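Number of protein chains: 2
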Amino acid sequence: MNAKQWNTKAEDRAARLARAAEALGPRLAGKRVQADAIGQLLEAVIAPGDRVCLEGNNQKQADFLAKALVQVDPQRVHHLHMVQSVLALPEHLDVFENGIASRLDFSFSGPQGARLAQLVSRNQIEIGAIHTYLELFARYFVDLTPKVALVAAHAADAQGNLYTGPNTEDTPAIVEATAFSGGIVIAQVNEIVAEGSALPRIDIPADWVSFVVKAPRPNVIEPLFTRDPGQISEIQVLMAMMAIKGIYGEYGVQRLNHGIGFDTAAIELLLPTYGESLGLKGKIAKHWALNPHPALIPAIEAGWVESVHSFGSELGMEDYIRARSDVFFTGADGSLRSNRAFCQAAGHYACDMFIGSTLQIDLDGNSSTATLGRIAGFGGAPNMGADARGRRHASPAWLKAGREARQGRSGAAGTPRGQKLVVQMVETFREHMQPAFVDRLDAWTLQEQAGMALPPIMIYGEDVSHVLTEEGIANLLLCRSDAEREQAIRGVAGYTAVGLARDKRAVENLRDRGVIRRPQDLGIDPRQATRNLLAARSMRDLVTASGGLYQPPKRFRNW
Amino acid sequence: MNAKQWNTKAEDRAARLARAAEALGPRLAGKRVQADAIGQLLEAVIAPGDRVCLEGNNQKQADFLAKALVQVDPQRVHHLHMVQSVLALPEHLDVFENGIASRLDFSFSGPQGARLAQLVSRNQIEIGAIHTYLELFARYFVDLTPKVALVAAHAADAQGNLYTGPNTEDTPAIVEATAFSGGIVIAQVNEIVAEGSALPRIDIPADWVSFVVKAPRPNVIEPLFTRDPGQISEIQVLMAMMAIKGIYGEYGVQRLNHGIGFDTAAIELLLPTYGESLGLKGKIAKHWALNPHPALIPAIEAGWVESVHSFGSELGMEDYIRARSDVFFTGADGSLRSNRAFCQAAGHYACDMFIGSTLQIDLDGNSSTATLGRIAGFGGAPNMGADARGRRHASPAWLKAGREARQGRSGAAGTPRGQKLVVQMVETFREHMQPAFVDRLDAWTLQEQAGMALPPIMIYGEDVSHVLTEEGIANLLLCRSDAEREQAIRGVAGYTAVGLARDKRAVENLRDRGVIRRPQDLGIDPRQATRNLLAARSMRDLVTASGGLYQPPKRFRNW
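From first to last, the protein sequence lines are chains Z and W.
The numbering of the first sequence is the numbering used here, which starts it at 407 and goes up by one.
The numbering of the second sequence is the numbering used here, which starts it at 407 and goes up by one.
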């Protein structure tokens, strides 16, 4: 036996709590901290070099705590190692510019991607790694455990129990990792219910929470998953028709995830019209791992959807979700309980298909949303857009994809196993006529610029099963060689330089074998691809379809 | 708008709760059900055809509820679809024999594997699929959502809040899926604390729980992860030396999971002795996704281990864990909070290596614990013993394995990515001189017998990086073809038929290239491989190493 101390974390927590009590005096009552004392609280409980998880979710933001962290004295609090899902707010990077934080591990940085790249190039930030969400949560329990977690919930009660409301999102994973490793959990809430009053439900038990502060304003939350049907183009309708007939229908995909975007919104809006006309109702798209997309309302109303489990929620969908509790996971209070960790697990292991867009695809089928001058991160795509090699339960879609992959690779040899369908759906040219198909991903240059161990590839070509463009579907599973895969990709790359450089004979050969299929090969007449096929053609149509239950945020209303 | 009802689940739950209130009368007070009313409760809230999750964990069992379910009237309750992690108790199969349940989705059936195979062959049970744990939890949120969950916790308070104690295990995942989808959650507990008393901590909030019943006896719990060091052989010491020097040390494996068994227990016990002598302290084996193995005590005491996150707990380790809270994830009450879902995510995404044993390995490197006459299931091995293709953060071990795999497959071509180390560690002959290496896995015959879509392979050869036997280490990453991989496997298969059929020249060639390495190639003298190297050679040594904090269950005590 040695004299080593083995409960230093618990002692350290107790010391930090004592420092907070001393610094705050009467501004701390139980776990309740007065809003004007937040800076002193942070300076009392955060030490230099701490690993701090600031809850930046895809949607919900602990914005009051973020602002407060930016304001602390860098003489007292510095060299923080920030771990967080999403860099969404300017404050998430301000802490690096003002010397409070120095190192970052994260998943997604959508709106802050360009500024992040600048900070990296100026050596003002050291990036540990870019993760997919579930991977980052996993590391919270292994080697990136937070010492302090700054989270957001809708309400707290007098004891400190938290009610997250529908945007539960990452909070349970963050709080569990921190609370059970001697860490400090500080929650900002929009309201504290009166002593003796009960929360609508409890999402996080009080004894996992160290401090609660009522923020002066409700936390920021973004309606990231709302797409106005009015902006869906006829090319997107055509692509959606191909997806439904050529992939969903052919594989019988019943359990799936959709990425964000107009391409997949078009699919959601075509299920009750085009999908119905193909007789696919009840055969496809029954179980979803998905945020509550407004575009899914018509399909839900038409009885297509049995269940939706969600990563987060969506602003304006609250009443609709409450009134459709058979479909959504809701608490006894009627509101959604989302959970990013479980939904990512569902997307990885319980879904047969992931379909999403990207910005660049190369000739190996590798794709990335990382483009020059931006470090955008990955979000959930790598987790859901990867073959789940630990999966052992079978489904017709998964078995068929696995059979095709074996046919493709080696003429039906190899030990049989299923495979996930991973579909990359892109128009050949994206905004500003940037080609979606490239000889070389910007990711390679980014790797050099940022000194990464590997290029930031979002989805690897060897995990992609299909590439879908307005020109057709390339089934990469059936390709017998890297050279064939290259021609299959070129064969749907349209008038991009990559597409124009195709070997026409090889491409026609692939078409004969069904590796490439054009709309006409699928029995789809492009002239039918009109916006009339959309089950809702405007935001107003979505509201009507919902029976007035869906209440879009103002920015989506033009009536 | 149609007149469809969209809150049928909520209404159905309310109806079931009302039926329970009526059936139980005064034997239901709040959420508290008297133990003698449990049968009536189950008959009131379970309907024919329901999907029921009976908490069978790896360790903790809702045994009182299992016994009660066996006793219900099959005229009233029948055709249940059981979903559960582990078939551990006879009652878990009795419900199929007595006509209460008909369909099963599960993960592991260790002790009941032989009886399960019989029931399948007699068509008394229909198996949906065998899953890895995280996959099964994922489906709870997609297409296998339980209608009724029967779970076990250590204690409840008057409101119905649950304290699981250290064996939190699967409970949070099960309860969340059920409670937020209009289901019924019934918890058996060992005690109910008095009105006004607080639980040591809250693991499950009361509003997720429908009923609580104090069982007449504490729930059954198995010390599955205790291995008596007295039973570790010198061959196992030799294999452990090879593992530490030839794999842990060479790759610098800092984050890892160990399977159950004497092979990996030997490694744990060699870290503070042999590992220390190699200068590897602080360089390997710092962060673990692992149950609290008693065999890890000497390494923890010697300062090797920074953190352990656990799937479950281990009987007798409670006081030790409490006194080593810097290492284990514990609550403010001092006791472990395990969590199988998060720990499996950690094993998948945050660990660089999985090492475990198996019963059979074929020439492709496929391995399985399913042998004839037994349907044993998979547990966590497929999830942790698969390359995590969604992973995007780098580590030296992962990058090195990825480089080797690219060298092997195609001479350093291909898009660079890392790879998980998946090590199969077996003696060439297992008990009763059964060869561990076979030309054909029993899994193929089992597939035919049970009408499975695929053979029940636990870990696929294409995911295995190394095979380690007493004869040496075969590095499958470096193999350039299936033929080479076959010879690499034969080359460490000893005197089994598979080993004797090796192409000696090819094997020597592989050895020259470092694909196969013998102990002497690693600089290991087999004569040094004695039990003296073990940091503890008996259960008593483990107790001593723990300073008396570890209290082994009686069956492991011979003093």
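A few of these clues could be false.
Claimed, not checked - Simulated crosslink set (DSS-like; lysine-lysine; CA at most 27 Å straight-line):
hint : chain 1 : residue 1 : chain 2 : residue 2
1    : Z       : LYS687    : Z       : LYS806
2    : Z       : LYS415    : W       : LYS910
3    : Z       : LYS473    : Z       : LYS687
4    : W       : LYS692    : Z       : LYS415
Unchecked claim - Chain W is nowhere near these chain Z residues, computed Cβ spacing over 10 Å in every case:
hint : residue
5    : ALA441
6    : ASP442
7    : ASP549
8    : ALA695
9    : ARG743
10   : GLY791
11   : ALA792
12   : GLU833
Hints were generated in silico from the structure; no laboratory data involved.
Predicted model, so just to flag it, every value in this text is computed and none were measured.
No residue lacks a Cβ here, since even glycine has one placed at the ideal position from N, Cα and C.
Are all C-beta atoms of chain W more than 10 Å from that of ALA441 (chain Z)? holds (25 Å)
Pair hint LYS692 (chain W) and LYS415 (chain Z), alpha-carbon separation not exceeding 27 Å: holds (17 Å)
Non-interface claim for ASP549 (chain Z) versus chain W (Cβ beyond 10 Å): Given that some Cβ of chain W is not farther than 10 Å from that of ASP549 (chain Z), nearest at about 5 Å, it is violated.
If we take the beta carbon of ALA695 (chain Z), is the closest beta carbon in chain W still more than 10 Å away? The claim is violated: ALA695 (chain Z) sits with its nearest Cβ about 7 Å from chain W, within 10 Å.
Given as non-interface: GLY791 (chain Z), partner chain W, CB spacing beyond 10 Å: violated (8 Å)
Is ALA792 (chain Z) truly not at the interface, in the sense that its beta carbon sits beyond 10 Å from all beta carbons of chain W? Violated, because the least Cβ-Cβ distance between ALA792 (chain Z) and chain W comes to about 4 Å, which does not exceed 10 Å.
Least C-beta distance from ASP442 (chain Z) to chain W larger than 10 Å: holds (28 Å)
Taken at face value, is the distance from the CA of LYS910 (chain W) to the CA of LYS415 (chain Z) at most 27 Å? Roughly 56 Å separates the two Cα atoms, so the pair is violated.
For the pair we were handed, LYS687 (chain Z) and LYS806 (chain Z), check the Cα-Cα distance against 27 Å. Holds: LYS687 (chain Z) and LYS806 (chain Z) sit about 20 Å apart, inside 27 Å.
Evaluate the condition: distance from the CB of GLU833 (chain Z) to the nearest CB of chain W exceeds 10 Å. Check passes; 24 Å lies beyond 10 Å.
Is the Cβ of ARG743 (chain Z) farther than 10 Å from every Cβ of chain W? With a cut-off of 10 Å, ARG743 (chain Z) comes too close to chain W, as the shortest Cβ separation is near 5 Å.
Does the structure keep LYS473 (chain Z) and LYS687 (chain Z) at a Cα separation of 27 Å or less? violated (49 Å)
In terms of the numbered hints stated before, the structure departs from hints 2, 3, 7, 8, 9, 10 and 11, listed from lowest to highest.
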